[in-house]
Amino acid sequence: MTDGLKQTPLNAAHKALGARMVPFGGWEMPVQYAGVIEEHLAVRERAGLFDVSHMGEIEVRGANALALVQMLTTNDAAKLADGQIQYSALCYPDGGVVDDVTLYRSSATHFLFCVNASNTDKDFAWMQQVHAGSGLQGVTLVNRSAEYGQLALQGPKSAAILARLTTTPLESIRYYHFGRGEVAGVPALISRTGYTGEDGFELYVPAAEAGELWTRLLDAGAGDGLQPIGLGARDTLRLEKGYALYGHELSPQISPLEAGLGWIVKFEKGDFIGRDALLAQKAAGVPRRLVGLVMEERGIPREGYPVFAGERQVGTVTSGTMSPSLKTGIALALVESPRAVLDSELLIGIRDRKLRARIVKPPFVKK
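Throughout, this note's numbering is defined as the position within the sequence shown, counted from one, plus 208.
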């Protein structure tokens with residue numbers, strides 16, 4: 209640990225590659241190598257390799273594993289087949305979000321949550337608290353985060369690169385599904401998922417072997433222009449696709465319904481934590497909605513900037529950047545619901561000016 213920051217198994221490799229390291233969610237992580245724009249475009253056009261070993265992994269096993277997962281999550285895990293993945297959320301009783309998660313079903317008695325790095329301890333404690341109060345027997349929760357390294361290989365050339373290092377038939381692993389196999393001799397859970405909007409894979413491997421796999425992947429993709437990618441480009445890539453980031457578009461104060469994630473809230477599945485509050489919010493109408501904004505004047509919107517209709521503030525930017533693909537400013541913002549009208553114009557307070565922006569429906573960058 210450096211100054212109280214945790215390090216992934218790849219920390220030395222990042223520094224050897226000249227990465228600029230920053231604190232992120234309690235971890236020392238690479239924010240960039242060659243530069244955010246170059247790395248961003250590498251993923252859109254070719255392929256990029258990310259260290260996401262800071263993410264948390266929490267395992268749920270036992271005869272009542274599905275029952276506990278259903279109680280914890282907003283989505284309907286009963287719809288999952290073995291080898292399938294689901295995006296979901298953990299909510300508090302008031303409908304605020306504990307975390308957004310991806311859920312992996314190995315079997316009806318074996319699930320794995322991938323959770324946000326800064327929330328891992330909080331999420332695990334929350335799951336334990338819910339389990340203790342549930343009365344469910346025959347289910348165990350284990351925080352496996354320290355055992356895993358996680359690498360994300362993303363971009364249009366990612367499948368071709370990965371195929372050089374595995375005999376696992378990648379074409380049989382569909383989007384939001386996973387398989388198991390060896391990659392460069394390393395046992396891996398191979399997940400066809402990502403946070404970039406491009407085709408790609410997330411590889412869960414033993415932490416001690418993550419460094420070797422990182423090197424082998426970079427070597428295998430060198431001829432295709434594969435580059436290591438930092439958190440800076442990870443953020444601009446997800447923002448171009450309109451993907452939520454916990455602490456920005458989701459939080460204990462922002463519900464999934466406000467964040468435009470009603471599609472992962474399945475009221476019909478039966479009871480889950482937060483259901484009553486979210487039903488009431490849906491019936492009353494959400495007071496705020498998350499919208500996409502594209503700048504119509506030169507300026508870069510940033511988190512926390514005010515959003516105006518005329519002279520009156522009607523919302524706040526939750527995430528913003530200069531889009532490397534579009535070469536214009538883009539933002540996600542929470543605004544008063546009556547103002548969340550597609551193609552209408554709002555103003556964003558940038559420094560001492562109010563600049564025009566148009567409401568669009570994300571993603572900002574289509575496939």
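In case anyone wonders, no lab produced these hints; they're calculated from the structure.
A couple of the hints might just be wrong.
Lysine to aspartate or glutamate pairs mimicking EDC-like chemistry, simulated, CA-CA at most 16 angstroms apart [claimed, not checked]:
1. Lys-535 to Asp-484
2. Lys-287 to Glu-476
3. Lys-490 to Glu-544
4. Lys-490 to Glu-253
5. Lys-574 to Glu-355
6. Lys-535 to Glu-505
7. Lys-449 to Glu-406
8. Lys-330 to Glu-406
9. Lys-575 to Asp-407
10. Lys-575 to Asp-302
11. Lys-562 to Asp-484
12. Lys-535 to Glu-246
13. Lys-214 to Asp-302
14. Lys-535 to Glu-553
15. Lys-474 to Asp-484
16. Lys-449 to Asp-427
17. Lys-477 to Glu-267
18. Lys-474 to Asp-284
19. Lys-575 to Glu-355
20. Lys-574 to Glu-246
Quick list of simulated restraints, FRET-style, between CB atoms [unchecked claim]:
21. Asp-211 to Ala-316: 38 to 46 angstroms
22. Ala-491 to Ala-289: 30 to 38 angstroms
23. Val-230 to Val-568: 38 to 46 angstroms
24. Lys-287 to Gly-518: 17 to 25 angstroms
25. Lys-535 to Asp-211: 33 to 41 angstroms
Even glycine gets a Cβ: it sits at the ideal position worked out from N, Cα and C.
If you test the structure against every hint from before, which numbers come out violated? 1, 4, 5, 8, 10, 11, 13, 14, 16, 17, 19, 20, 23, 24
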